[in-house]
Amino acid sequence: MADVTDTTAIATSTTRRRKRIKWETVGDHVVLILGALLMLVPVYMVFATSSHDAITVHREGLQFLFGDQFSENYNAALFEYGGFTDSVNGITMLTNSLILGLGFAIGKIIVGMMAAYAIVYFRLKFATFAFWIIFTTLLLPLEVRILPSYEVIQSMGLANTYTGLIVPLIASATATFFFRQFFRSVPEELIEAARIDGAGPFKFFIDILVPLSRTMIAAMFIIMFVFGWNQYLWPTLITTDESLFTLVRGIRQIIQAYADGSTTPEYGEAAALAIIAMVPPVLIVIFFQNWFVKGLTESDK
Amino acid sequence: MAKVTLDRVRKVYPNGFEALYPCSFDIPDGELIVLVGPSGCGKSTLLRMIAGLEEITEGELSIGDRVVNDIDPANRNIAMVFQNYALYPHMTVANNMGYGLRNRGLPKSEIAAKVREAGEMLNLTELLDRRPSQLSGGQRQRVAMGRAIVRSPDLFLFDEPLSNLDAKLRNQMRVEIRALQRRLKTTSVYVTHDQVEAMTMADRIIVLNAGRIEQMGSPAEIYGAPASTFVASFMGAPPMNLLKGTVNGSGVLLDGGPTITRAAPVGHTGPVTVGIRPEDIELSDDGDLPFDVDIVEELGANRLMHGHLGGQPFSVSVNKDMHAATGQIKLALKPAAVHFFDTEEGRRL
Ligand SMILES: Nc1ncnc2c1ncn2[C@@H]1O[C@H](COP(=O)(O)OP(=O)(O)OP(=O)(O)O)[C@@H](O)[C@H]1O
Ligand SMILES: [Mg+2]
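Chains as they are written, first to last, in the numbering used here: chain A, 69 to 369; chain B, 288 to 636.
Hints are all accurate, no fakes.
Straight line, CA to CA, 25 Å or less: simulated DSS-like cross-link-like pairs of lysine-lysine: (1) B/K401 - A/K271; (2) B/K290 - B/K472; (3) B/K531 - B/K617; (4) B/K395 - A/K271.
For the record, the hints were derived by calculation from the structure and aren't laboratory data.
Please model the entire structure based on the sequences and the hints provided.
See the structure below:
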């Protein structure tokens with residue numbers, strides 16, 4: 069009987085404790101909420117601004133409330149032909165960005181996986197050395213080699229082509245590095261079992277390694293897609309043909325009008341384009357997010 | 288099915304470590320041979336050379352009539368069961384078992400039939416669509432066995448296949464594997480460091496020690512006539528008692544005490560090591576060996592008494608009906624139960 073009373077006492081005290089406000093928790097939440105707002109408010113403002121006409125934005129700056137130009141702006145952003153040659157609209161740019169992002173992500177994954185495969189599984193004389201060479205290129209940003217790359221692409225006649233846009237950026241130290249780490253964690257016994265099962269190098273790669281790496285591939289895909297999607301400098305350099313413009317460049321093109329001084333830049337339209345440019349990467353992340361987290365944290369081997 | 292022949296096979300690792308000194312032996316068709324020895328003695332090295340996963344430094348290995356030194360693992364027509372199962376985590380049980388056949392280009396229907404047959408043999412029928420992560424340890428082990436048998440290989444290779452299972456399951460799987468091997472009559476090499484597994488499963492046992500074959504023989508031979516003090520102390524639980532002594536006429540004077548009468552090595556004088564299995568000793572009031580019992584271990588079916596015989600550590604195993612208590616008791620020895628070893632080289636005399 070005494071026991072029962074005791075338990076009740078403990079239970080009540082727990083409830084009482086739970087009701088008390090923990091200031092620590094409140095503090096944590098305030099910081100988190102502030103952080104979230106810091107990230108979200110600018111996006112919201114761009115979204116709100118994208119529903120106003122250019123004059124309002126020009127006169128009053130960024131908007132907090134929604135205006136009435138929503139469909140006009142998005143219509144214009146997506147379907148109105150612009151640029152000097154009137155040959156490019158939002159849809160074209162969206163397509164170009166998608167091609168660049170996908171080409172980038174897929175290309176980098178394929179090249180990275182194959183490089184890592186060679187380094188990890190074949191007895192190459194200078195495998196480790198080669199790996200560290202590849203690894204050091206991580207430290208060199210694209211900008212360092214952008215002029216020689218331009219020269220090469222130009223002289224090969226690949227300027228203003230998708231190939232010229234994508235191929236020079238495909239070699240990826242990051243992907244090679246991650247895949248190498250992953251392949252090294254695949255148990256030796258599995259490789260030996262596959263050897264006894266008669267899987268040659270090609271079959272082992274396709275039948276075993278690629279399926280095992282699928283979470284890793286998803287993680288790489290997201291990172292590389294966003295990276296490719298946001299490329300600005302290289303596309304600016306290598307494409308002069310407006311029909312190859314990407315979204316990121318297109319936004320800039322609209323603001324550029326301001327520098328020309330002739331007209332008020334289409335701020336609303338630019339904001340709409342910025343929102344459109346954000347959507348695909350966000351969708352990709354949402355779609356792959358489960359795999360992404362798995363790929364970075366867990367290994368189901 | 289095939290006979291396996293090793294002719295002075297030797298292994299030196301690239302770093303210069305000699306993991307296996309030249310060794311030769313035959314495995315007759317259909318026999319299950321167990322490689323046993325302490326950790327690091329070269330069991331896996333030897334097995335992996337037979338599998339083709341490790342290069343043979345010197346010597347000749349034949350499976351059937353073929354010398355296979357330079358033949359790829361896939362073309363040796365062998366199957367291997369690994370310690371950690373090594374199942375492909377992304378494939379179903381059926382695909383795991385059929386993968387090797389698929390690589391050989393067998394038609395789908397034939398693969399499915401063989402997988403089904405192996406699944407039935409191993410009680411895996413309901414699990415064929417599962418993935419390895421959805422199976423228990425014992426089931427995974429069965430799948431690994433299934434993967435080995437669907438290929439109808441000439442030779443099974445096992446590398447400590449049961450060491451990840453709990454004691455009960457290990458006993459059960461041990462019997463199953465043995466029964467399966469008997470039924471299929473496939474030549475097998477089984478690596479273990481567990482001497483119970485070795486004794487119960489083997490047609491013949493090879494005891495390895497530091498890269499050398501210490502003894503080869505049937506379980507009864509290994510147990511009954513160990514070729515060295517190493518084998519004597521490694522095979523058998525509890526291990527054989529080894530006592531130091533000196534030959535004295537028709538008996539042996541043990542260091543620090545009593546004499547064993549009526550038993551002496553033929554044609555040997557001077558120091559000698561005497562080996563006596565704990566279970567070969569009788570308690571007898573007329574015995575001539577005083578044994579000081581320090582501890583009694585209760586094992587259920589029998590009792591183990593640990594203590595000293597003339598200052599040297601000694602153990603005796605007695606039947607559960609026998610009275611066992613600490614203090615001094617008398618032991619009697621049958622001359623046939625006494626083994627003699629060379630003290631310096633450890634060789635059997
Ligand atoms: N790749 C290697 N290079 C150099 N030495 C090696 C290599 N692999 C194994 N060895 C050595 O060879 C010896 C035998 O190894 P092996 O794996 O055959 O032992 P084992 O008998 O299987 O032991 P365990 O029971 O622990 O599995 C060990 O001393 C080990 O250190
Ligand atoms: Mg081993």
